[in-house]
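Go by the hints and put chain B onto chain A.
So the protein lines, in turn, are chains A and B. For the first sequence, the working numbering assigns the number 126 to the last residue and increments by one with no breaks. For the second sequence, the working numbering assigns the number 134 to the last residue and increments by one with no breaks.
To be clear, the hints were calculated from the coordinates, so they are not data collected in a lab. Backbone N, C-alpha and C fix where the C-beta goes; we use that ideal spot for every residue, glycine too. There may be inaccurate statements among the hints.
[As the list claims (entries may be wrong)] For lysine-lysine, the following BS3-like pairs were computed, each having C-alpha atoms within a straight-line distance of at most 30 Å: (1) B:77 to B:94; (2) A:79 to B:77; (3) B:60 to A:35; (4) A:89 to B:60.
[As the list claims (entries may be wrong)] Listing some non-contacts, in silico: residues in chain B with all C-beta distances to chain A over 12 Å: (5) 57; (6) 83; (7) 86; (8) 92; (9) 94; (10) 104; (11) 107.
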Amino acid sequence: DAGVIQSPRHEVTEMGQEVTLRCKPISGHNSLFWYRQTMMRGLELLIYFNNNVPIDDSGMPEDRFSAKMPNASFSTLKIQPSEPRDSAVYFCASSSGGSYNSPLHFGNGTRLTVT
Amino acid sequence: DQQVKQNSPSLSVQEGRISILNCDYTNSMFDYFLWYKKYPAEGPTFLISISSIKDKNEDGRFTVFLNKSAKHLSLHIVPSQPGDSAVYFCAASAPGNQFYFGTGTSLTVIP
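Looking at chain A on its own, in the form it has when it is part of the complex (with noise of 0.2 Å):
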C-alpha cells in the first residue's frame, strides 16, 4: 500500500493567497484526520472526518480555514486568506474502523510557509 499520501510536500505563499492542501488516505480506511503541528504546541487535531463525514472541526482556528472530503478517496484544507501565523506542517491521517483504538497512519505532511 502507497500509505497516506499528501500534496505538495511545501507551499510558500504570500499572506492573503489562498492555500490548498490535499490528502488520498489509505484505501479502506474510513476514518481521517488533519493535524498541524508547531514546536509550541506539537500535533493539533484540526479536524476529522468518519466516512467522509465531518465529525469534529473544533480545532479549526477560524474561518479562514476549512476542510472537505468529497469521496472516502480524497480530502482537502483549504486556508482563505492566509496569515503568517498559519505557517506550519500539516499533517493527514487516516485509520481503519472509526474506533478510537485504531491506530493513525501518518502522511509524510505538507510544509507550509505564509511569507
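Here is chain B on its own, set in the frame of chain A:
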C-alpha cells in the same frame, strides 16, 4: 490546555544504554495510549500502544509502561541504537473521542 504532556523536549543517550521517555496525561477517561516515532521530513509512524487494562506492553526493544493512578506512561528502548534517534510523541484517546498528542521528545542516541 494540553491534556497530554511530554515535559522533556530532548534526551541524549549512549548507544547500548536504555532510553526512557516519559508522558503524563490529565484526563482520567483516556484508556488507549500510543507512541509514535517521527524522523525529519516524514510523518509520525506508529510504534507501540497499550490499553488501560494492561500496565505493560512489549515489542522487541520497545516496552511501554502505564501507571493509571499516576496518569503516567513511559517508553523504554533497550538497547538504544543510533537509528532510534528521532522525535517521539505520545498520544491518548478515550471512547468516542479523538487522539490527543504531546509536544514530543527529541531522542539522540550517541554512537
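For each hint, the structure was consulted:
Restraint check for residue 77 (chain B) and residue 94 (chain B): satisfied, since their Cα atoms lie roughly 13 Å apart, inside the 30 Å limit. With a CA separation close to 38 Å, the supplied pair residue 79 (chain A) and residue 77 (chain B) exceeds the 30 Å bound. Simply put, residue 60 (chain B) and residue 35 (chain A) have alpha-carbon atoms about 21 Å apart, close enough for the 30 Å limit, and the pair holds. For the given pair, residue 89 (chain A) sits about 27 Å from residue 60 (chain B) by alpha-carbon distance, which is consistent with the 30 Å threshold.
The Cβ of residue 57 (chain B) sits about 6 Å from the closest Cβ of chain A, inside the 12 Å cut-off, so the non-interface label is violated. Its beta-carbon lying about 17 Å from the closest one in chain A, residue 83 (chain B) satisfies the requirement of being farther than 12 Å from that chain. Distance check on residue 86 (chain B): its Cβ is at least 17 Å (rounded) from any Cβ of chain A, clearing the 12 Å threshold; non-interface status holds. Non-interface status of residue 92 (chain B) relative to chain A is upheld: no Cβ of that chain comes within 12 Å, the nearest being about 21 Å off.
With 12 Å as the threshold on Cβ separation, the claim that residue 94 (chain B) sits away from chain A holds: the shortest Cβ distance comes to roughly 18 Å. Remark: the non-interface label on residue 104 (chain B) is consistent with the geometry, its nearest Cβ contact in chain A lying 23 Å away (cut-off 12 Å). The beta carbon of residue 107 (chain B) sits about 19 Å from the closest Cβ of chain A, which is more than 12 Å, so the claim that it is off the interface holds.
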